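From first to last, the protein sequence lines stand for chains A and B. Numbering-wise (this note's numbering), the first sequence opens with residue 1 and increments by one. Numbering-wise (this note's numbering), the second sequence opens with residue 1 and increments by one.
What the hints contain is simulated information worked out from the structure, not anything from laboratory work. Everything numeric in this text was worked out from a predicted model, so none of it was measured. Where hints are given, some of them may not hold.
[What the hints assert, rightly or not] Covered stretches of chain A, as calculated for chain B (at least 3 residues, CB under 8 Å):
| # | stretch |
| --- | --- |
| 1 | 15-27 |
| 2 | 32-39 |
| 3 | 106-115 |
Idealized CB from N, CA, C, for every residue including glycine.
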Amino acid sequence: MTNSPTATLERVSHLPSGHYRFVDLLRSEWTKLRTVRSSWWTLGVTVLLGIGISALVTAETRAHWSSMGPGDKLSFDPVSTSLIGLFLCQFAIGTLGALVVSAEYSTGTIRATLSAAPRRPAVVVAKATVYGVVAFVVSEFVSFASFFLGQFLLSSPARHATLSSPGALRAVFGGGLFVAVLGLVAFGIATIIRHTAGSIIAFVGILLVLPLIVQALPSSLSLNIRRFLPDRIGIDILSATKAFPNAFSPWAGMLILCLYAFVLISVGTVLMVRRDA
Amino acid sequence: MIEAKGLTKHYGAKHAVEQLSFTVRPGAVTGFLGPNGSGKSTTMRMIMGLDTPTAGDATIHGQHFHDLRWPLREVGALLEAKAIHPGRSARAHLTMLAQTNHIPGSRVETLIDMVGLTDVASKRAGKFSLGMGQRLGIAAALLGDPETLLFDEPVNGLDPDGIRWVRNLLKGLAKEGRTVFVSSHLMSEMALTADEVVIIGKGKLISQISIDELLAQSSESFVRVRSPQGPALKQALEQMGAVVVVEDDGSLSVRGANEVAIGELAASIPVVLHELAPQTASLEEAFMLLTEDSIEYHGSQAPDSKGVSS
Ligand SMILES: Nc1ncnc2c1ncn2[C@@H]1O[C@H](COP(=O)(O)OP(=O)(O)OP(=O)(O)O)[C@@H](O)[C@H]1O
Ligand SMILES: [Mg+2]
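Turn these sequences into a full structure, and let the hints guide you.
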């Protein structure tokens, strides 16, 4: 090492034609995602929590089916019950969504990233794409696995469903998509806030605290606002039947959620272009 | 080639860099010298397009960093603050960087070997010592085999062997015709490494000068002479055209005559000499003199130490 330090350096004197490409940024972001433990932790928790809670709740329902009142039995929705774990794993997926952005800032990796690829919007889009695909695949896996395991655990005499039951496929597929898009909302929040704790608090606040605040408003107002809240949109998507009056149709709700993610990420990107790294 | 033109950065009311213009040419190591807080790191971040200048411009081969086609293959940088995820291995860090600019994985292995991280390449970077982290940063800078290199205090945390290694590396890179810009707050280190220095203080340019010139300028040299027959010697020296100052301790500071001439003169009078010592201001002193008025953070100085010469 103390002998000629550049001896091993081969000179690549001319540059390749063109310029650095988006697919290479995708490859790089994929490497980043899979080479830190926190990704595997959060994804592991997503799967365990999602499927685990769904299994627990459905098994519990089956065990107490005979003692349930006729009204409860009638209003029982086997589809949404088996997907109940998604409401917990959304926090784990969201945490990962925030982390893939905020960890770049907290560790300073962002400076290495932008020294290699200075076009910031391209970096954000590549990162969001890789994270979004991973979140989508994992969420769909959790959703379908929860559904099948849940229906298996419910069994007769408890009411249960199959994928061909009315609204079931939409709820199961939509549920996975809902969690993934919600992850992108957390991602968008983190591009704006840049700090891990702050981003996660904001994300959890939107899901848990905001509904309480809205509920405290006068009912005419609160009813109109609540249908725009992500948690309501989620319930609406996960249920095979209409969950509450004045809810958006499931796909309209999904579109609104996508819009939230898009706006947050766009604002974050504009801020990123303006701010010093 | 790196060019800064009127580069200015204000953080709120703080004027970190002010109207800074300089040129870093290829084929030489250019030192970037300035006391703590003088704006070296800020300037480098602006060159790298990380911080947006308040005014002015920094270009690399006439291009803004943002417009480079293959940034990592054109410019490599080791910046001041750690830019590595502590949970990621050295290999993963270099791989994800290489991928952005379509640099083959074999290049990553070459660099890992070159900087001497072979044994720890799969370990989490958070467990690295300061020196190992610095080596990883240097590997990242060299990943794309770039023509232009920026190093912000690269010898920070390195042992003497590591310092020598970096020094040789920088010189080697410059010898290959690359543009090498390296910051430091130690003149002595730059004197050994750099061919030229850009000196700043409080964000402003003080001087851009070659090390040789600086040495010549700064060797504000004189000869200290001590003799029991001081006044007689002083008279003889002045007749010879030298400038003589009698110091408080009775010794003579002679300018305009070297130790050989003074010795011979003394023998010819004859005068007894007790001391005949040529004095040269070190580069470090020259640097201190240059930046004296622009030190950002003075150490607190005990009042009674004032005026005591070092
Ligand atoms: N992001 C920032 N926000 C506010 N002030 C800053 C910021 N970055 C730097 N400064 C200030 O700008 C000045 C220049 O800082 P800089 O880090 O560039 O100096 P430096 O020459 O690299 O110092 P050192 O030798 O200590 O590394 C300092 O006074 C610093 O406090
Ligand atoms: Mg600095």
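Results for each hint:
1. 15-27: Three-residue rule met by the stretch 15-27 of chain A, so holds; n is 9.
2. 32-39: Holds: 5 residues of the stretch 32-39 of chain A have a Cβ under 8 Å from chain B.
3. 106-115: Result for this restraint: holds, n = 9.
The structure fails none of the hints (numbered hints given earlier).
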